[in-house]
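> Line order of the protein sequences matches chains A and B.
Read in the numbering used here, the first sequence has 15 at position 15, and its numbers run on one by one without any break.
Read in the numbering used here, the second sequence has 97 at position 97, and its numbers run on one by one without any break.
Treat the hints with care, since some could be wrong.
As the list claims (entries may be wrong) - Beyond 10 Å from chain B on every Cβ pair, some chain A residues (computed):
1) Leu10
2) Pro26
3) Thr27
4) Gly41
5) Asp44
6) Asp48
7) Ser49
8) His56
9) Phe60
10) Gly63
11) Pro65
12) Pro71
13) Pro74
Stated by the list, open to error - Listing some non-contacts, in silico: residues in chain B with all C-beta distances to chain A over 10 Å:
14) Asp35
15) Ser58
16) Ala79
17) Ser82
18) Glu89
19) Ser287
20) Tyr301
21) Thr325
22) Leu341
As the list claims (entries may be wrong) - Between beta-carbon pairs, the in silico distance windows are:
23) B:Ala141 / A:His79: 52 to 58 Å
24) A:Ser75 / B:Thr177: 41 to 47 Å
25) B:Asp155 / A:Gly16: 41 to 47 Å
26) A:His79 / B:Pro153: 29 to 35 Å
27) A:Asn52 / B:Ile29: 45 to 51 Å
28) B:Asp315 / A:Pro40: 42 to 48 Å
29) A:Pro40 / B:Arg134: 30 to 36 Å
30) B:Ala237 / A:Ala12: 48 to 54 Å
31) B:Pro153 / A:Glu64: 55 to 61 Å
32) B:Ala22 / A:Met1: 53 to 59 Å
33) B:Gly174 / A:Arg19: 21 to 27 Å
34) A:Ala73 / B:Thr28: 49 to 55 Å
35) B:Thr28 / A:Ala12: 23 to 29 Å
Quick caveat, the hints were computed from the structure, so don't treat them as lab data.
In this text, all values refer to a predicted model and were calculated from it rather than measured experimentally.
Just so you know, even glycine gets a beta-carbon here, dropped at the ideal spot from N, CA and C.
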Amino acid sequence: MATVILPRSLVALFPGTERRHATDAPTVAGIFDALERDIPGLRDRLVDSGPNLRRHINVFVDGEPASLTSPVAPSSVVHVVPAVSGGAAGPV
Amino acid sequence: MAGRVLLLVGTKKGGFIVDGDAGRGVWTIRGPLCDGFAIHDMNVDPATGTLFAGGGSSWYGPAVFRSDDHGQTWTVSSAGLSYGDGGPEISAVWNVTPAHGAIYAGVGEAGLFRSADGGATWSHVEGLTNHPSRSEWQPGAGGLILHTIIAHPTDAAHLWIAISAVGCFETMDGGATWQTRNAGVRADFMAERYPEFGQCVHKMAMAAGEPLHLYQQNHCGVYRTLDGGATWQEITAGLPSEFGFPIAAHPRDPLTSWTIPLNGADRGRFVPDGAAAVWRTRDGGDSWERLSGGLPQEHAYLGILREAMAVDRLDPVGVYFGTSTGQLWVSRDEGDAWEMLTGDLPPIYSVEAVLLDG
């Protein structure tokens with residue numbers, strides 16, 4: 001099973017959720033779908049209607065930048081990271 | 001009417017709740033709430049007391065937060081807040097309005113969503129997006145956002161919404177079909193000065209006890225309608241500027257409303273001459289009076305955004321506004337005298353006043 005590590009600011013939206021998960025799926029998109037079954041609403045926080053990774057969400061599989069279609073091996077470590085480019089407010 | 005006021009304050013860096021005492025003189029601030037999301041609007045369902053906060057995160061997208069215990073604990077959902085795979089991205093919720101047992105959310109990119117389960121899941125009100133004008137909607141400076149939702153007090157199928165740089169729409173069949181409601185409203189930035197749609201409405205408010213009597217602060221003036229938006233009359237005369245964002249209506253007197261003019265769209269968008277004032281009409285907009293008691297009159301370059309003014313239901317009415325520089329101002333006498341409640345909040349996007357019993 002792949003190891004998935006979620007950001008602290010994300011799990012804060014789902015009280016009781018751990019940051020580290022063991023999940024079995026062949027792609028990043030599959031990993032998120034699997035997590036969604038245990039944590040309803042999580043996928044919406046990471047994926048827009050493209051469907052694409054949200055603009056300011058980075059995913060790394062075994063240290064390499066990844067997209068939703070990137071493969072995930074059973075031994076992989078998947079890091080989900082809020083990008084430093086996020087945090088700016090939109091126009092008001 | 002007795003009670004104490006709860007102020008719901010949405011900011012760039014989360015929501016805040018300000019608890020007032022019975023005299024509206026002592027206030028206690030709680031927050032930041034909602035996990036650092038920018039909160040564009042906070043509201044209460046008067047039927048249940050449930051609080052809602054709508055906003056968005058540049059990382060995690062749009063969301064509506066819900067609290068059943070006056071803000072002590074919150075849950076969050078955006079399930080269904082989507083135009084579907086391949087559709088436009090929704091960046092944030094700009095308005096959340098409970099009405100007749102449902103919750104409505106206005107979002108950017110502009111559209112209307114409805115929840116029948118208290119905000120747990122959302123459904124797209126497709127009738128608005130299917131309006132024939134949709135392909136010609138253009139964003140304003142704040143984006144293409146649906147920022148105002150007004151529900152008829154007794155007819156659950158009757159709503160008005162407003163979208164910046166698009167205008168006002170009305171439905172009388174629960175959102176299946178919509179009509180543009182912009183006749184008489186100027187759009188000086190367009191080739192056609194009075195188009196069917198394209199007007200840059202900034203905020204609307206319903207007059208007390210008269211559901212077809214609405215006020216509107218627009219990019220190009222202040223207006224009123226007495227026929228639900230079929231025709232609008234300009235009531236800018238007497239104000240120092242046609243430009244501003246919020247407008248608020250008295251809870252009992254349909255002829256009284258308040259607005260806060262800013263110096264102009266291309267002149268900095270702060271109070272004219274750096275002298276802060278709220279303007280009030282007691283005659284439905286035929287005349288206006290400048291209210292500046294306690295407000296700074298020199299070098300006060302305050303901006304007030306569209307959702308950042310509110311009134312309570314006490315007598316005399318309390319009026320509240322927040323600034324884009326984090327000041328929260330309070331008047332206990334319908335705007336005559338003002339005190340700064342705090343000057344240190346993040347940029348304020350929204351203010352709502354909730355009256356609690358006892």
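> So, for every hint listed, does it hold in this structure?
Against the structure, the hints come out as follows:
1. Taking the minimum C-beta to C-beta distance to chain B, about 7 Å, the non-interface status of Leu10 (chain A) is violated against the 10 Å cut.
2. Consistency note on Pro26 (chain A): stated as away from chain B, and its beta-carbon is indeed over 10 Å from all of that chain's, at 20 Å minimum.
3. No Cβ of chain B approaches the Cβ of Thr27 (chain A) within 10 Å, the least distance being about 16 Å, so the stated non-interface status holds.
4. Annotated as non-interface, Gly41 (chain A) brings its C-beta within 10 Å of a C-beta of chain B; the closest such distance is 6 Å.
5. With 10 Å as the threshold on Cβ separation, the claim that Asp44 (chain A) sits away from chain B is violated: the shortest Cβ distance comes to roughly 5 Å.
6. A cut-off of 10 Å between C-beta atoms contradicts the statement that Asp48 (chain A) is not in contact with chain B; the least separation is 5 Å.
7. Separation of Ser49 (chain A) from chain B is inadequate, the least Cβ-Cβ distance of about 5 Å not exceeding the 10 Å criterion.
8. Its beta-carbon lying about 5 Å from the closest one in chain B, His56 (chain A) breaks the requirement of being farther than 10 Å from that chain.
9. Under the 10 Å C-beta cut-off, the non-interface status given to Phe60 (chain A) relative to chain B holds; the minimum distance is some 16 Å.
10. At roughly 21 Å, the least C-beta separation between Gly63 (chain A) and chain B is larger than 10 Å, which holds for a residue marked as non-interface.
11. The claim that Pro65 (chain A) lies off the interface holds: its Cβ sits roughly 17 Å from the closest Cβ of chain B, which is beyond the 10 Å cut-off.
12. Remark: the non-interface label on Pro71 (chain A) is consistent with the geometry, its nearest Cβ contact in chain B lying 21 Å away (cut-off 10 Å).
13. For Pro74 (chain A), the condition that its CB be more than 10 Å from all CB atoms of chain B holds, with the nearest at approximately 28 Å.
14. The beta carbon of Asp35 (chain B) sits about 5 Å from the closest Cβ of chain A, which is not more than 10 Å, so the claim that it is off the interface is violated.
15. Listed as outside the interface, Ser58 (chain B) is inconsistent with that label: its C-beta sits roughly 4 Å from the nearest C-beta of chain A, within the 10 Å cut-off.
16. The beta carbon of Ala79 (chain B) sits about 6 Å from the closest Cβ of chain A, which is not more than 10 Å, so the claim that it is off the interface is violated.
17. Distance check for Ser82 (chain B) against chain A: the nearest CB is about 5 Å away, which does not clear 10 Å, and the non-interface claim fails.
18. For Glu89 (chain B), the requirement that its beta carbon stay farther than 10 Å from each beta carbon of chain A is not met, with the minimum near 5 Å.
19. Even its closest Cβ contact with chain A, about 31 Å, leaves Ser287 (chain B) beyond 10 Å, as expected for a residue assigned away from the interface.
20. The non-interface label for Tyr301 (chain B) is consistent with chain A: the shortest C-beta to C-beta separation is roughly 15 Å, beyond 10 Å.
21. The beta carbon of Thr325 (chain B) is kept farther than 10 Å from every beta carbon of chain A, the shortest such distance being approximately 12 Å.
22. Every CB of chain A is more than 10 Å from the CB of Leu341 (chain B) (nearest about 21 Å), matching its label as outside the interface.
23. Here the CB-CB span from Ala141 (chain B) to His79 (chain A) is close to 37 Å, at odds with the stated 52 to 58 Å.
24. For the hinted restraint 41 to 47 Å between Ser75 (chain A) and Thr177 (chain B), the CB-CB distance of approximately 56 Å leaves it violated.
25. Checked against the given bound of 41 to 47 Å, the beta carbons of Asp155 (chain B) and Gly16 (chain A), roughly 42 Å apart, stay inside it.
26. The hinted window of 29 to 35 Å between His79 (chain A) and Pro153 (chain B) is violated, with their beta carbons roughly 51 Å apart.
27. The supplied range of 45 to 51 Å is broken by Asn52 (chain A) and Ile29 (chain B), whose beta-carbon atoms lie about 38 Å from each other.
28. A C-beta distance of roughly 45 Å is found between Asp315 (chain B) and Pro40 (chain A), which places it inside the suggested range of 42 to 48 Å.
29. Between Pro40 (chain A) and Arg134 (chain B), the C-beta spacing of about 31 Å keeps the proposed range 30 to 36 Å intact.
30. Restraint check, Ala237 (chain B) to Ala12 (chain A): a C-beta distance of roughly 51 Å satisfies the suggested window 48 to 54 Å.
31. Taken as a hint, the range 55 to 61 Å holds for the pair Pro153 (chain B) and Glu64 (chain A), whose Cβ atoms sit roughly 57 Å apart.
32. Range check, Ala22 (chain B) to Met1 (chain A): about 58 Å between beta-carbon atoms, so the 53 to 59 Å window is met.
33. Restraint check, Gly174 (chain B) to Arg19 (chain A): a C-beta distance of roughly 43 Å breaks the suggested window 21 to 27 Å.
34. Checking the proposed 49 to 55 Å range against Ala73 (chain A) and Thr28 (chain B) shows it holds: the Cβ atoms sit about 53 Å from each other.
35. At about 24 Å, the beta-carbon gap between Thr28 (chain B) and Ala12 (chain A) stays in the expected band of 23 to 29 Å.
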